[in-house]
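*Asks:* Sequence:
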Amino acid sequence: MHFTKVLLSAIASISVVLVSPIMDGGAVVATSQTVAYPIDQILHPRSELIPDPPPVCNKVEGDLAISKAIYEGVRYLHKQEDQGIHCDSGPKYCNRVSCSWNSAIYVCNDNDFGISNSCHTVAEYAKSIVDECQFHCSRFNQQCVKGQFFDTAKWNVVQMLPVSLEAYLVQILAFDRLLKFFGQHAVKATWFTPSYTLVSFPDQMAKVRDAGHEIALHGYTHERASRLTEEQERKIMAKSIEVYRDFAGKHPKGWAAPYWDVSPRSMQILEDFGIEYDHSLMHHDCQLYYASDVGDSVIHTDYSKEPETWMVPMRKHKMTKVVEIPASWDVDDWPPMNLSPPSAGGHSHPHHVQQSWEDQFSYLYKEYDTFVFCISIHPQVSGKAKVMSMHERFIEFLKKHEGVEFVPAEYVCGEFKAGKIAGATFEMGV
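In the working numbering, the protein residues as written are 1 to 430.
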């Protein structure tokens, strides 16, 4: 007899994780190749000293940002500065510092060294673009803007994302399509949601909550935990929990690291804040286990030091009380079906993706009596018509297998903690 738990986890990030012609937030790129097709000026940022450079209103057709969304980002950045957070950017790197309704603010650095900017300054630069360059956009019947603002030290503030017909359709329809789909198939999913999305789109997220789905933590603005100090990571966790409790009326049970990118401290921080499970690690592909606190157990290769100092075994990890519900890039809609210009990434045929998912499920169903099959989907990807059709076919495939249940992450976490499913055990280090 098989007992298979199928988890559908929707990464509910209307405001944060959206298709971008610039780059996905946090991607490491050479700025000489960053946004070749929206605007040429970022390819050759100004480096000459100009006292007060005016905004450069972009004239490239089709790339729009919504003015009110950028103003929201401006207010957000002022709050970040008030909390002591700077708007930094690494060498040859573009860092997304605010994103709302497919309209983002980036700090792009063309220097060979990292820079630390006042978020107040970045906010005022972005605001100046809107003030100077906005115009009435008839397609959306509101003020839109194209443009960027360069400073004088080889870094610039860019704010521009395309509000294309596809992106607009996804934002308006994707949540409703997925909620309808889940309802038709009696599926209760887990929606890993950045706190910024909860506070920015409460009505849309209320539909998720009121339909009985689980909502779990997913950072505040989809920031990478590995790039945070421990103090920053703890502040973000505390604020995220506060936002969640205000919205859901209870303490959150789970967390998925944005980009599935954890820090050595993340599991201990989750335990300290009473979070029961994580969905970020990949030590197994279908069995739950207790996550370990990495801490300072790993000694990294340091070429500036004598080899004897780093040719040592990994120190033993300490197990935490945090249950790991393993993640997998192999059962995620984003890598194969999210359009990632200027490359051809994201153009995989849904039938090919479906076959890959079916092959993985079939192998696990053959090899294990009990296992968890976690499917990660994003509204802006899976909300597309061709992908919705794939999900319709795939769920019918799953239903043909005896013992399959569709459950949220909090349920399977409870089953594991109660000893009803065995899971796996890992011991790392010596």
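What the hints contain is simulated information worked out from the structure, not anything from laboratory work. Cβ atoms here follow ideal geometry from the backbone N, Cα and C, with glycine treated the same way. Check each hint, because a few of them may be wrong.
What the hints assert, rightly or not - Have a look at the derived ranges for each label pair, beta carbon to beta carbon: (1) S304 x G429: 21 to 27 Å; (2) A186 x K79: 36 to 42 Å; (3) C57 x M311: 32 to 38 Å; (4) K79 x Y368: 45 to 51 Å; (5) F135 x D210: 33 to 39 Å; (6) G114 x P307: 27 to 33 Å.
*Asks:* All hints, please: hold or fail.
*Replies:* Taking the hints in turn, this is what the structure says about them:
{"no.": "1", "hint": "S304 x G429: 21 to 27 Å", "result": "holds, 24 Å"}
{"no.": "2", "hint": "A186 x K79: 36 to 42 Å", "result": "holds, 41 Å"}
{"no.": "3", "hint": "C57 x M311: 32 to 38 Å", "result": "violated, 56 Å"}
{"no.": "4", "hint": "K79 x Y368: 45 to 51 Å", "result": "holds, 47 Å"}
{"no.": "5", "hint": "F135 x D210: 33 to 39 Å", "result": "holds, 38 Å"}
{"no.": "6", "hint": "G114 x P307: 27 to 33 Å", "result": "holds, 28 Å"}
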